[in-house]
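**Student:** With the sequences and hints as input, model every part of the structure.
Heads up: the sequence lines are chains Y and L, in that order. Position 434 of the first sequence, counting from 1, maps to 435 under the working numbering, and the rest follow consecutively. Position 669 of the second sequence, counting from 1, maps to 727 under the working numbering, and the rest follow consecutively.
These are computed hints drawn from the structure, not numbers from a lab. Just so you know, even glycine gets a beta-carbon here, dropped at the ideal spot from N, CA and C. Please note that a few of the clues may not be correct.
As the list claims (entries may be wrong) - Straight-line Cα separation of at most 25 Å, DMTMM-like style, residue types lysine to aspartate or glutamate; simulated pairs:
no., chain 1, residue 1, chain 2, residue 2
1, L, Lys646, Y, Glu124
2, L, Lys652, Y, Asp441
3, Y, Lys208, L, Asp869
4, Y, Lys25, L, Asp878
5, L, Lys646, Y, Asp119
6, L, Lys378, Y, Asp119
7, Y, Lys445, L, Glu117
8, Y, Lys199, L, Asp869
9, L, Lys411, Y, Asp441
10, L, Lys114, L, Glu159
11, L, Lys469, Y, Glu73
12, Y, Lys208, L, Asp924
To be verified - Computed from the model, here is a short list of chain L residues facing chain Y with C-beta under 8 Å:
no., residue
13, Thr374
14, Cys404
15, His408
16, Leu510
17, Arg820
18, Leu823
19, Arg888
20, Leu899
21, Ala958
Now for the letters of each chain:
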Amino acid sequence: MGLLGLAGVLADDASAADNPLLPKSPHFPAKAKHVIHLFMNGGPSHVDTFDPKPELTRLSGKPLPTSNLRTERKTGAALGSPFQFQKYGESGIEVSEIFKHTAAHIDDIAVIRSMHADVPNHEPSLMLMNCGESRLVRPSMGSWVTYGLGTENQNLPGFIAMCPGGYPITETQNWQAAFLPGIYQGTHIDTQHTDVQKLLANIRNSKLTPTAQRKQLDALQELNQLHLRQRGEDPALETRIQNFELAYRMQAEAADAFDVSREPKHVLDAYGPGTQARQILIARRLIERGVRFVQVFHGAGQPWDNHDDLEKNHRRLAGQCDRAIAALMTDLKKSGLFEETLILWGGEFGRTPTVELPQAGANQGKVNGRDHNHWGFSVWLAGGGVRGGQAYGATDEFGFQAVENPVHVHDLHATILHLLGFDHTKLTYRYAGRDFRLTDVHGKVIEQIV
Amino acid sequence: MNYCRFLPAALVLLLVPPSIPPRAVADEIPQEQADFFESRVRPLLASECFACHGEKRQENGLRLDSREAILRGGDSGVPAAAAGEPNSLILRAVRHQNDLEMPPEKKLNEAQISDLAKWIELGLPWPSDSTPVSDEQRYDQIRANHWSLQPVVRPPLPAVPDPSWVATPIDMMIAANLASQGLSPSPQADSRTLLRRLTFDLLGLPPSWDDVQAFEEAARENPQDAYRRLVDRLLASPAYGERWGRHWLDVVRYADTKGYAFGKERRYPYAYTYRDYVIAALNADLPYDEFVRQQIAADRYLQDDQQALAGLGLLTVGRKFSNRHLDIDDQIDVVTRGFLGLTVACARCHDHKYDAIPTDDYYSLYGIFASSHEPADLPLIGVPTDRTQYQQFQEQLARHRQNYDAFRNSKYTEIIEVARSRVTEYLVRVVSNEPEELLQKLPFISLSPDELRPPIVNRWRDYLARRAKPDDRVFGLWHDLLNLPEDSFAAAAAERLAGAANESHHPLVLAALTEPPLAAKTDVAQRYGNLLSQTYMLWKEKGANDAARATLTGDQQELLAVLLDGDSPTSVSRDQLDGLLNRADRNKQSQLQKQIDSVQVNHPGAPPRAMIVREDENPHNPRVFLRGNHARPGKAVPRQFLYVIAGQDRQPYETGGRLELANAITDPGNPLTRRVIVNRLWMHHFGQPLVDTPSDFGVRCPPPQQQAVLDYLAWRLLDCEWSLKQVQREIVLSSTYRQASVDRPDCRERDPENRLYWKMNRRRLEFEVLRDSVLAVADQLNQAMGGRPIDLLGKPEIRRRSVYALIDRQDLPNLLRVFDFPSPDQSQDRRPETTVPQQSLFLMNSPFLQLRSQSLLERIRDVGVDRERIGQLYRLVLQRLPSDAELEVGLGFVENYKEADPWLAYAQLLLMTNEFAYVD
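**Tutor:** And the structure:
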């Protein structure tokens, strides 16, 4: 149904009085209306993807002249990237061979090479990237955005978090609503399944056909109307009546949204085979249907956490999603949705430029991987009004630490909210006597990107 | 002037005649000093300092816009300047002495600095007119004026237009308010409605058709008496505790899991004992003050009352943050918002922005909770009835504990053994600064980095720093050789050793060092190491005991002592083992620990235990953490109660202070505790609270429109000795409560939110009640009480009441979240009420509803005639008979429904109706 259907859905649902998910206007007009967060959970290595470091390659195998920064585990000598970098596009930004398809869009991408976070551990860094706070329980970015903007399609959840095979580390906390109303929590979809019944709870009736269910609902609504008439005006009762109609439509719409087999073959080919390709294609279909915030985790646990065999694993992991990311951007550009869809690519941190030393229980002792690195890493933004074709900020010559225009995760959040039309200091929720916000008391919009 | 506080107000007036201005000192400032300040100093402070240290912002808690504020200083408590003090902090800062450089962007010029210095030298003259109100004055103003902090007094009962409507004093206040707005109450609801309302309200379950029949009959005879007896019967039902216990569990952020726990057992084995405590306490109508006291401090005065001890779960069932400060913050938050309606946790990093809660007071409470710990050995609070299972449990537990201990013992032995037998490798690491991967290439290095225990390397470093002195018989040469220059080491070493032949060195050491010649400093370490380990192996061959030691030569014994005796780096005590474990060891140990924990969670024979806290022997003396950062301790504060409630009379606590805190919270003179709880009760009876922010009664909370009702109930709570049931009884006996939930457009226009209570509010069933009701009308509800939590979505399906569901705060089922179940990570004052399609989908499609519809049909399988089947279903589901119109809809549906079993679809749709989900 694509975009055309949205107007109808919106008009229909305007009557739902106390629906907290109705679309809302942000603080100021903005281009970005949706977000796709491609979460490379586990921590992709920036020096092997979007932050080339020739000095590191030159010194490979030797100790760095500067002492290694403290990360989770002990690291040793410099480990040059095993991958070739090459300039792409008019901007000439260098990208690693493992993201060569994505790189074709580099002129629309703003790479932030000076990201930094607080600690080199997965749990707090996932929480920081997703919820803006490492330790305390706070609402996730997707919850904040859905709270702030509502969603455009009431027949689908407004915030969907896809992760094949189970949960990332820290599990459902990654998309928690915390003290926001529960409806702003992300709906987790295990995309290893293809059957829509396994994707969304109770999305289909196993006994009744849609026609049989329609007749059942018609009788229900007759009784509900009798009940309502006896009671006079009550918006809550009316909303609940309306809500069964929404739910009925959601069944069909959700089945449609998640069923990629309805795509033509050339589209499926462009995304490539595998679960990553499928879930990234689903992300596109959800955005087309007006879903506000879609998060795509690479997989259960922490797939990008390559303490060993980095070359082999990063090549495999990037290979699973590179073509699909490129195809997603191509499709969004074709449909005109690229301008209103903000894409965020990245992990919870990057990886050390130095090799991780063998340690029982920590790695397999192969001495060919990298440790976590919160001192400096890369993410990129594209679409949604982002000024592409630029690399913002820089790490030191080896890629250990953000040194030029450092961007903290709070700053990234402030920038994303800005792109969506929010002053990040004013998107607040009063709870327990305080006005809370995604960026707490921090955050600075990166003006050069927006 | 502070002493005046202790004098009666009248006396103060006598002592301080109004003609004397309160700030005489300020008026004595000579004119030329005042001019100097106004022309040179105030403009300087205003342009350079106030932006960050003024009215709008107070970086590091520091204000510079009044003399008092300057003298008080910032978070550190150090005055920014003191009269006549040339070394004042502010002068050091502007002179860029020490680390502090202010203003941060630029240095003041010399003239500006000398103006400041001169002003300080003059004694900080500051004309009086512009002094802002001090914090203490502001706090006292709040204490004197804010409505919720005023004593609870019984409000006067107003005259009402229609005394016949009045059933309880509540009604007089409600009726008077309504009359003053030209409104009137609604008529009383009919008997069936009242019965449904009361039963859902007090039990969270629907009444049965028989209940309706019986009540209607009794009400026909004597309506007042029938209603009273009904109220008493319901309040006495054990289901009451399950219903109201769940309300309380929202407030205390109850869950059965710790949160994220990588590699560890996530579930609390005994959280359920707290849930069961709450249910039992409410059922027993434990006086509320006692209920509060037990949850905060039962261990301090009821050590032997097993049931009361379980109440301490309030403090321990929260999320565990692996961070003591955050765990304590969670305790402060749940206690202060839950019981007092004060957001004290806001004052963790800075003074409360609005309320009279300085950071000092936050850390006073911090000290109280930091003075207790969660002991590893939780007290038993019951004995399992099944002796065999209990015995099996104990055996299993003992086996897992044995495995755990055996692992630790073997690790300990192994680490010590390696440290002694392969001492060379440790010594090489002591002398070498080479990166580990280069050391690994040395031929005599065989320990991989994770077999090497870094703390032992450090112990060797410390040991040698102490012992390797020139005159030491064993390590004198170590000292000398390692201090030789690196570049000409071989020659210098040979020379040193040649000279050593005539000195009194340990002969074996000297021999080992001399031949073959040393080439590098690592050789020194290698020779020492080999000598020590050889001696150790020799001792082992001879039996590794005192007798074996005696067979060694004196020289050998001296070497052996380096490894075995006293402060030897390789004699590590067992309690230091944790620090020696590497990641793999720790993983293994966690695994074994998890087995111990899991058997307590899972084994049916595991007896219940109370999740208590225990006071430490030495209470914690708290310091303020500047900006909430525990790495920046500031001034010390006593353990004591909140100024905002206790005022000047408060006394520091000598013990840890939990019992004192509990007593202060439940003191009848504390107006908040009672106001807060009666507001919560009212909220759950009427679907809306009297005070809109039930856990925040601070200064941003305006006085409620029905403050008289609130205060009456708060007064009444003490009057009936803190009996919650008595207060609730009075609420539900009121005519206000018994009104019909009718729509009256004229009233709706005047008071759309029903703040005046011109009708009863229609309320939607919460998820738990909806689920329990579906089970109940299908005759499938298992009413067993208490015990371990159940997985609501698990298989086989367990048909217990929803309050017994496992609440996994780390993975809360989406089903609960879409039905507005609140986050169990923070205290929740009220649930949002949202209407979203996922709720409808659960009713339309879930196997739960399908199965219950089937069991509902089972209940009418003996009824043959369609018309009667429909009637019977109405009686079961909605406790009434269908109207003609409803009967028509039903008959039409079952006749024409060919797609599937019409009765199954019909039974299900009755469970989906608005009438089923709402209480009038």
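**Student:** Confirm or reject each hint.
**Tutor:** Consistency of the hints with the structure:
Simply put, Lys646(L) and Glu124(Y) have alpha-carbon atoms about 21 Å apart, close enough for the 25 Å limit, and the pair holds. A hinted pair counts as satisfied when its Cα atoms are at most 25 Å apart, and Lys652(L) with Asp441(Y) does not qualify at roughly 36 Å. Restraint check for Lys208(Y) and Asp869(L): not satisfied, since their Cα atoms lie roughly 29 Å apart, outside the 25 Å limit. Between Lys25(Y) and Asp878(L) the CA atoms are separated by roughly 21 Å; this keeps the pair inside 25 Å, and the hint holds.
Under the criterion of a C-alpha separation no larger than 25 Å, the hint pairing Lys646(L) with Asp119(Y) is inconsistent with the structure, at around 28 Å. As the CA atoms of Lys378(L) and Asp119(Y) are separated by approximately 20 Å, the hinted pair is consistent with the 25 Å bound. Simply put, Lys445(Y) and Glu117(L) have alpha-carbon atoms about 19 Å apart, close enough for the 25 Å limit, and the pair holds. With a C-alpha separation of about 18 Å, the suggested pair Lys199(Y) and Asp869(L) falls inside the 25 Å cut-off, and the hint holds.
Between Lys411(L) and Asp441(Y) the CA atoms are separated by roughly 15 Å; this keeps the pair inside 25 Å, and the hint holds. A C-alpha spacing of about 21 Å is found between Lys114(L) and Glu159(L), which places the hinted pair at or below 25 Å, so the restraint holds. Among the hinted pairs, Lys469(L) with Glu73(Y) is consistent with the structure: their alpha-carbon atoms are about 24 Å apart, no more than 25 Å. With a C-alpha separation of about 23 Å, the suggested pair Lys208(Y) and Asp924(L) falls inside the 25 Å cut-off, and the hint holds.
Proximity of Thr374(L) to chain Y is violated relative to the hint, the smallest CB-CB distance being about 17 Å (cut-off 8 Å). Interface hint status for Cys404(L): upheld, as the beta-carbon distance to the closest one in chain Y is roughly 5 Å, under 8 Å. Among the interface hints, the one on His408(L) is violated; its C-beta lies about 10 Å from the nearest C-beta in chain Y, farther than the 8 Å criterion. Annotation: Leu510(L) was flagged as interfacial toward chain Y, and the flag is violated, the nearest CB pair being 10 Å apart, outside 8 Å.
Taking 8 Å as the C-beta contact cut-off toward chain Y, the hint placing Arg820(L) at the interface holds, the least distance being around 6 Å. Nearest Cβ of chain Y to the Cβ of Leu823(L): about 11 Å, over the 8 Å cut. The hint is violated. The criterion of a C-beta within 8 Å of any C-beta in chain Y is not met by Arg888(L), whose closest approach is roughly 11 Å, and the hint is violated. The closest approach between the C-beta of Leu899(L) and any C-beta of chain Y is roughly 4 Å, which is under the 8 Å cut-off, so the hint is satisfied.
Taking 8 Å as the C-beta contact cut-off toward chain Y, the hint placing Ala958(L) at the interface holds, the least distance being around 5 Å.
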